[in-house]
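> Work the whole structure out from these sequences, hints included.
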Amino acid sequence: MVRTGRGRRRSRGIRVIRSVIAATTAAAAPLLAGLAFGAAERERLLERSGHAVRAERGSRARTPLGDARWSALVLGLGAAIAGLALGGPVAAVLLGAGGAALPATLRRRRRARRSHEVQAQLVDAVAVLAAGLRAGRSLPQSLDLAGSEVGPPLGPSLAEMADGVVLGEPLDAALRDWEERIGSADARLVAGVLRLHRRTGGALAPALDDLIGTLRARLSGERELRGLTSQARLSAAILGLLPIGFFLFLSVVSRSDIEGALRSSLGVSAIVAGVVLQGFAFLWIRRLMRLEV
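Going by this note's numbering, the first residue of the sequence shown is number 775, and it counts up by one from there.
Simulated from the structure, these hints should not be mistaken for laboratory data.
Heads up, a few of these hints could be off.
Quick list of the computed label-pair ranges, beta carbon to beta carbon [stated by the list, open to error]:
| # | residue 1 | residue 2 | range |
| --- | --- | --- | --- |
| 1 | Ala1035 | Arg884 | 33 to 43 angstroms |
| 2 | Arg911 | Glu954 | 17 to 27 angstroms |
| 3 | Pro926 | Val1046 | 42 to 52 angstroms |
A quick note: this is a predicted structure, and the numbers were derived from the prediction, not measured.
We put the beta carbon where it would ideally sit given N, CA and C, even for glycine.
Below, the structure is given as structure tokens:
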């Protein structure tokens, strides 16, 4: 009877502790999410304005961790606390890892979307540049015209490059800084054509016309490739998240079975092996889906 009373008091104390942790997590969740997504929104706006590289360098100089690492730390800690309150230590590890990886995943998606936007805008920018040269404008004037005609994220960077050249910056250095800010293969191709023309001379507008055809072919190929692999990416995401979601569901509705598995060495080994295999499968599928034009 004494052991039964102690066991009841212990289980009651565990429930009270879990309730306190859950209440604390619920109260702190809006603050943690606001801090994390506020930093993510700031980075997104800076990327949209065409200052992604400078914003990243500035954030690293201002804070020891940087906005991205701070967001990962905050979200990972909050998700781990929520998982501990709802599903135990295994759920805390899974949710904590997912929360810590979420900012990097969103940042990669934003950069990929920005890269697609820049690639589509480069075709229009080169067309405006060629039209300006045919109208008798100089190269800096044509670059400024392209920057004013094309919207963000590409337009402001072109206008900034044109202003630098007008103020005396060498064209090679301006093109190097510009392609570093954009960070895409198509931008390096455009910068290479402009540098080659500066060294060899000749008519630049016909060369830009040929470049427009190349850029359009690359853009069309990438869109076709993304369309063909969209179903495979969706299937990979579902297959990757389904086992984790099912385990978290069991941790909530049938915690006794999960705790029984955690109390045995065989159960812990099976869970660890499942998590490791799931991670390898995710990396493998991601590698298979990483196709470039």
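> Each hint: holds or not?
Going through the hints against the structure:
| no. | hint | result |
| --- | --- | --- |
| 1 | Ala1035 to Arg884: 33 to 43 angstroms | holds, 39 angstroms |
| 2 | Arg911 to Glu954: 17 to 27 angstroms | holds, 26 angstroms |
| 3 | Pro926 to Val1046: 42 to 52 angstroms | holds, 47 angstroms |
Consistency with the previously given hints is maintained throughout, with no hint failing.
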